[in-house]
Amino acid sequence: MSPRHLPVVCAAVLLAVSLSPSEASALPPLSLRLGYASQVSTARAYDLVDDNDHLPLFRLGVGYAFPLQGARLEVEGGFLSGSTSASLFQFGRAQLGLMGVEVGAAYRLRLGTYAEPYAQALIGYDRLSLDIGPLGQRVGQVSATALLGVSLVFPLNSYSSKAPSFLIDLGVGYGFRPTARFDALAPEPPGEDVEEPIPSQTLRAGDLPLAGLAYRLQVGIRL
Amino acid sequence: MRIVRQLLPAMVLLAAGCGDRGGFPGQALKPLPLLTTEDALVSVVPQTSRVVRVRKGEQPRSIPIADGARKAARLQGDVVAVLTGDTRKPLLQLVSVDGAEVRTVDLPGAYDTLAFSADNRYGVLTYSTASLGPDVVARNLNEVAVVDVEARAVTRFALGTESLAPRSVVFAPPHADRQYVAITLDRGVAVFDAKDPRRALRRIPTRLSETQPEVAVQEALFSPAGDVLFLRLTGMDDVFAVELSREGDELLASVNFLAGGTGLSDISLPPEAAPGTERSVVAVYSGSQEAMVLDASGTQDVRRLPLGAPLTSARVLADGRVLFYEGKLRTVTAWDVVTGKSGTVLLSAGFDAVRFSDALGAAVFRHPSTGSGGAVLSVVTVREEDTRLRVRISPIPVSRTVQADVMDEARGRFYFAPQGLPAVARLDVETLGIEQITLDAPVTALYYLPGKDVLAAQHADPALGDVTLIPADRLERGAAERVRYFTLADELDRASEEP
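Line by line, the protein sequences are chains A and B.
If you're matching positions, the first sequence starts at 1 in the numbering used here and goes up one per residue.
If you're matching positions, the second sequence starts at 1001 in the numbering used here and goes up one per residue.
If you are wondering where the hints come from, they were derived from the structure by calculation, not from laboratory data.
Take the hints with a grain of salt, since some may be wrong.
Computed, partial: chain B to chain A, Cβ under 10 Å [unchecked claim]:
| no. | residue |
| --- | --- |
| 1 | A1028 |
| 2 | L1091 |
| 3 | A1460 |
| 4 | P1471 |
| 5 | R1474 |
| 6 | A1479 |
Where a beta carbon is used, it is the ideal one built from N, C-alpha and C, also for glycine.
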């Protein structure tokens, strides 16, 4: 995470604390979420792998909330996976893949009957892959994400605040993903039954900027 | 629910509105034909505006050039010249592929062809009729430009001939005082001194008399000293010899018609070993079936060899002998111009290509496929005996038609790849020993890089780049190296450089 963005995140968390109602702490603690997450990169080089700057991801998250004075601090772990590809000079496709895990914390407060605004910060580890034709390279790197969003909470039993709830979660923020360096694309090693191919020289494709807007649309259940 | 209604449009806009690729990189990749330096392959890729160097043991390296690359030529050393830019800002870029340096020269026109002197000092750029189209409606194709590479100076001038467009550009060997250049045309030839192109320009008509029409130049050769230009003209039996000299600013030309036999079909310079032939030319006559060494001064005392068959081509080898041959005929004749000895042999079949090893004085003739689907190579060597030259043929059967071949002229090694097979074989012309290596894909073209004694086998994906580099003296899979998709080297960085 870039230090210059830290004050914005802190301000959002403090604002949420000051607005939090007391009944939020009475909700069930465990949350399961799954849905769509996207990382947007508007860098020109990103056009090599995607037509409209997106890296669509499937996200699965598990959170556990600790009650605070008038709010909840939810610790969440998530798994991300997705890929995107684009035609490459009419001869094949270039594909970028991401598989990653992330952990973080969200400060959540209750606003009215259904809305639950939150501020969330996550750090993670991404396993990125770039495949151009038969050549590919995997690189790993640390990432960070800061989000502001709102969860819509629909209790499955309206007579009990501790009953399971259905969640719709919308979040928008910034993904602090470092530029990925793909400097040694090579073919996949052959299988056991395949004759050893002639050694290949690696290909330097260059640097792929990945930082940019991040957003999520998830559904889940709170138990 | 109000907050949902407010957020949803923003999310939709975010998901859909992040721009498109702007045509990048959607256009088809069409690199220019591969070039070679002493130790590397060079690919000029107009669509990525890059010159890519491929060298064994190193990652492909790309060098940015201007947009619009349309023609490239290799100069001395590691330098490649590329015509880039468009009609509004045409450029000549000289790219040092080892030093990754690019020198740019602004041009007065978007020329189509380029040729350089042997010392790389001067270049001549010309137009061709192929460039006319929607962007260029009409153009004076007689306009040429002379580039002084050292001074980065460009001189533009018009040849002022009656011809539509130049056919070829021929440089004389470099000389301290002059650099003659001949531009052949469909009507005549224009000769100038590249050191002073505007003033020292001479247009030489190619006709026997004032009443006859001019004829096209088929072939042009400068003598080793560069002061005589020999021309072979369409439908003319005489060799057209132009003696050149400077008198002040003026370029003087005196023309001699060198008469020999009938049916002039080829000319070449005689061997350096032959005494008194510095201003002579070897002429081959298919009509009268003979070869002659003609002196530019028109001396009647000529060396002459009856060929016994209508042979059409001559090749002077480094050992001083001349080989005469013709594609459809089977006769090959060797002639030692110095001793006058000769010899003839009959190939087993006609041939479609021939490669020479100047160092060994040998040739490899490539025959098309035989009835059984295979092909044959014939190695022709010449030995001197007491009274004649003994020309010997060694046939080498090949399982399939030869798709690609290349000769290491210095070592006398002939490399070839059968059609459709992932294999390359090496034929030692001296010992006739054959070795082969099995590759991972069929071969479409072969290149030899003498600087590192490396053989480059190009596979069937020239657009994205797919070659296998093999040490020429060690045909082993473990020593080879495949380089794929090299035309995309540094592609991500290139995109970042663009506005």
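Which hints from the list above does the structure break, by number from lowest to highest? Hint check: 2, 3, 4, 5 fail, others pass.
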